[in-house]
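J.: The primary structure of each chain is shown beneath.
2 protein chains.
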Amino acid sequence: MECGMRGQLEERESKIMSPNQSTAEVSHLAVDIGGSLIKVVYSSSNNNNEADDKGKKSSNDCVGIPNGSSDYPVLCGRLHFAKFETSKINDCLEFISSKQLHQCADWHHEASSHDKNIIKATGGGAYKFADLFKEKLGVSLDKVDEMDCLVAGSNFLLKTVHPEAFTYIDGREEYVQIDHNDLYPYLLVNIGSGVSMIKVDGDGKFERVSGTSVGGGTFWGLGKLLTKCKSFDELLELSQKGNNRVIDMLVGDIYGGVDCPKIGLSSTAIASSFGKAISENKELEDYRPEDISRSLLRLISNNIGQISYLNALRFGLNRIFFGGFFIRGHAYTMDTISVAVHFWSKGEAKAMFLRHEGFLGALGAFTSFESHGLNDITTH
Amino acid sequence: MECGMRGQLEERESKIMSPNQSTAEVSHLAVDIGGSLIKVVYSSSNNNNEADDKGKKSSNDCVGIPNGSSDYPVLCGRLHFAKFETSKINDCLEFISSKQLHQCADWHHEASSHDKNIIKATGGGAYKFADLFKEKLGVSLDKVDEMDCLVAGSNFLLKTVHPEAFTYIDGREEYVQIDHNDLYPYLLVNIGSGVSMIKVDGDGKFERVSGTSVGGGTFWGLGKLLTKCKSFDELLELSQKGNNRVIDMLVGDIYGGVDCPKIGLSSTAIASSFGKAISENKELEDYRPEDISRSLLRLISNNIGQISYLNALRFGLNRIFFGGFFIRGHAYTMDTISVAVHFWSKGEAKAMFLRHEGFLGALGAFTSFESHGLNDITTH
Chain Y
1 MECGMRGQLE
11 ERESKIMSPN
21 QSTAEVSHLA
31 VDIGGSLIKV
41 VYSSSNNNNE
51 ADDKGKKSSN
61 DCVGIPNGSS
71 DYPVLCGRLH
81 FAKFETSKIN
91 DCLEFISSKQ
101 LHQCADWHHE
111 ASSHDKNIIK
121 ATGGGAYKFA
131 DLFKEKLGVS
141 LDKVDEMDCL
151 VAGSNFLLKT
161 VHPEAFTYID
171 GREEYVQIDH
181 NDLYPYLLVN
191 IGSGVSMIKV
201 DGDGKFERVS
211 GTSVGGGTFW
221 GLGKLLTKCK
231 SFDELLELSQ
241 KGNNRVIDML
251 VGDIYGGVDC
261 PKIGLSSTAI
271 ASSFGKAISE
281 NKELEDYRPE
291 DISRSLLRLI
301 SNNIGQISYL
311 NALRFGLNRI
321 FFGGFFIRGH
331 AYTMDTISVA
341 VHFWSKGEAK
351 AMFLRHEGFL
361 GALGAFTSFE
371 SHGLNDITTH
Chain Z
1 MECGMRGQLE
11 ERESKIMSPN
21 QSTAEVSHLA
31 VDIGGSLIKV
41 VYSSSNNNNE
51 ADDKGKKSSN
61 DCVGIPNGSS
71 DYPVLCGRLH
81 FAKFETSKIN
91 DCLEFISSKQ
101 LHQCADWHHE
111 ASSHDKNIIK
121 ATGGGAYKFA
131 DLFKEKLGVS
141 LDKVDEMDCL
151 VAGSNFLLKT
161 VHPEAFTYID
171 GREEYVQIDH
181 NDLYPYLLVN
191 IGSGVSMIKV
201 DGDGKFERVS
211 GTSVGGGTFW
221 GLGKLLTKCK
231 SFDELLELSQ
241 KGNNRVIDML
251 VGDIYGGVDC
261 PKIGLSSTAI
271 ASSFGKAISE
281 NKELEDYRPE
291 DISRSLLRLI
301 SNNIGQISYL
311 NALRFGLNRI
321 FFGGFFIRGH
331 AYTMDTISVA
341 VHFWSKGEAK
351 AMFLRHEGFL
361 GALGAFTSFE
371 SHGLNDITTH
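Protein sequences appear in the order of chains Y and Z. FYI, full-length UniProt numbering numbers position 156 of the first sequence as 156, with every residue one higher than the one before it. FYI, full-length UniProt numbering numbers position 276 of the second sequence as 276, with every residue one higher than the one before it.
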């Protein structure tokens, strides 16, 4: 995977190679408009990387440029990922407009007529901002169900991309070999602004079994109020330098430094998140933003890990995959979720993470194009 | 129940009548020293209510004053409940000293020798503050396990006090008739600074099956940082006048006002607690403390309701009793917990609350006296 920091927030590229890539090009655009972030996935040919990398010179990024023996786009060689804050949706519209991504389908004479002038869109914003897309870009959003997309995106990644899933234990990522014949059932936990927990039984076979409103939006929203951080990433960065014991009430704080073995809690276990703020004559300004961010991240990650495990247990699911933009490949987040799942399951369950964590929904929407060009890959 | 506001934080009395009350007196003292609060339970005769009610004139409150035909204390007619902030433990020590509660056992010549000069103590503070009690009051704390006490207190109340348990639905308390022969098993959720979830199978038969660090200490600690409130009750009071929709991101905020029926979420469901704080150009000072307190209370109550239900489900428990000082008989707290249990269980489970919610541990410690005088009541 290659990463770059362009576009409003971030832009990544992922080479997802297909057997007939050398003759293949498709350019499609799918968006996942969540409560906090807009995730964009589009495909382009391999020949136009340079133009793309320069950021602006990209009018024909996703136009079907001849590649090899064919003049027609049939399969993408490169997927592009970008994200924007939902509150700055105009930046996203400008990005799409400047790259003329929304005109892809029109220019593909061979594209399915159904795909013309259409952007596949999922997430709540697909409903909320449909009129805005029509007005500003002249395109219709073809709404695809959010859960359908998350599951399609996750299944696609787990079956296609190697390595995609990994565990995070003691500070080390370890890639997990996924046996396609033994993938289902699993619990998919998508941590966006809120959290959805989905029991996945197969392609298009799933049920949203639970969720929690304490998710990425809570971390960012509460964190912003408490620390005056300007961005999610800044807040996450702060947490790396923090010490949650300054604010969290530990078992040892209550028991005078000793463990509470009868109930299986060590003196360093958190008894009450933010509980130490009760008894001290300190105000918000007296705490370091780093410590606040760390406590908050730990509260939320631990809580998600616990509720996820309880749901996995309920349905007898051995595998829990965590996705969504909250994770952001952040070591401490993954560590806390892993430890929570380990703690509550008494070592019987393991948290797994996905490399393309934040783009499950957008990828799922992308794969819903009739001619998305990924079929060969998914069946490869 | 009679309530009064004396002592550091609050003092209550509860007449727990026994068959031979007119001839009965016992004065014992038990304390439950938690991370945030110290809960005190002591017994006194019926004759000294007046002295007690005047607050200060209480040197012989718990001394065995002849009542009826007996000179000896055998059964209490009145239990007293008081609470203090753990951070102000000296106020508690002064209260005990001024009422000479710690000398009760000494003065009871008929009291079990085991009970002399002993205060039954539970909670982590029984370990942390043992030396302080010895130094300031000259008494030993006889430590009783926290979970043992919670369960003993809860069983005692459910079997003895009518009415004790109630549901809270649509703003109405409804008392629940408890069949003593069909009490077990149940899930006891004690919401103190942190939360303990205990599967209770009988007297002294239980297992702490789960818990969460997101409890009363989180509400108070985070709430204090966010609103500058000086006390838990002030924060709770604020929440009554608040509107969580100002800060919480609702499903409708993401979906543009429409429901998301496919996943069973209405437009007014909270998608992300505090999630609206992300996208607005507002700082902490721009939000009303009332709204912040409401969102926080809802986050925590809802989360506890959800995790409790998942644990009840896991062990096939139909009844969930909620206790602990977090609840404080507060309508909105009980309402949110009730709605959460109803929502996640699809109407199959009901949250129940206990009138003496905050004193389970202290009552349990009290009942651990060899001659606590409550046996007649419990078997009554």
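Hints are supplied without guarantee of correctness; some may be wrong.
Which copy is meant is left open, so a pair is good if it fits within one copy or across any two.
Claimed, not checked - Okay, derived cross-link-like pairs now, DSSO-like style, lysine-lysine, Cα gap no bigger than 27 Å in a straight line:
1) LYS159 - LYS241
2) LYS228 - LYS241
3) LYS241 - LYS282
4) LYS228 - LYS143
Please keep in mind that the hints were generated in silico from the structure rather than gathered at the bench. Please read all numbers here as calculations on a predicted model, not as lab measurements.
J.: In ascending order, which of the hints set out earlier in this document are inconsistent with the structure?
T.: The structure breaks hints 1 and 4; every other hint is satisfied.
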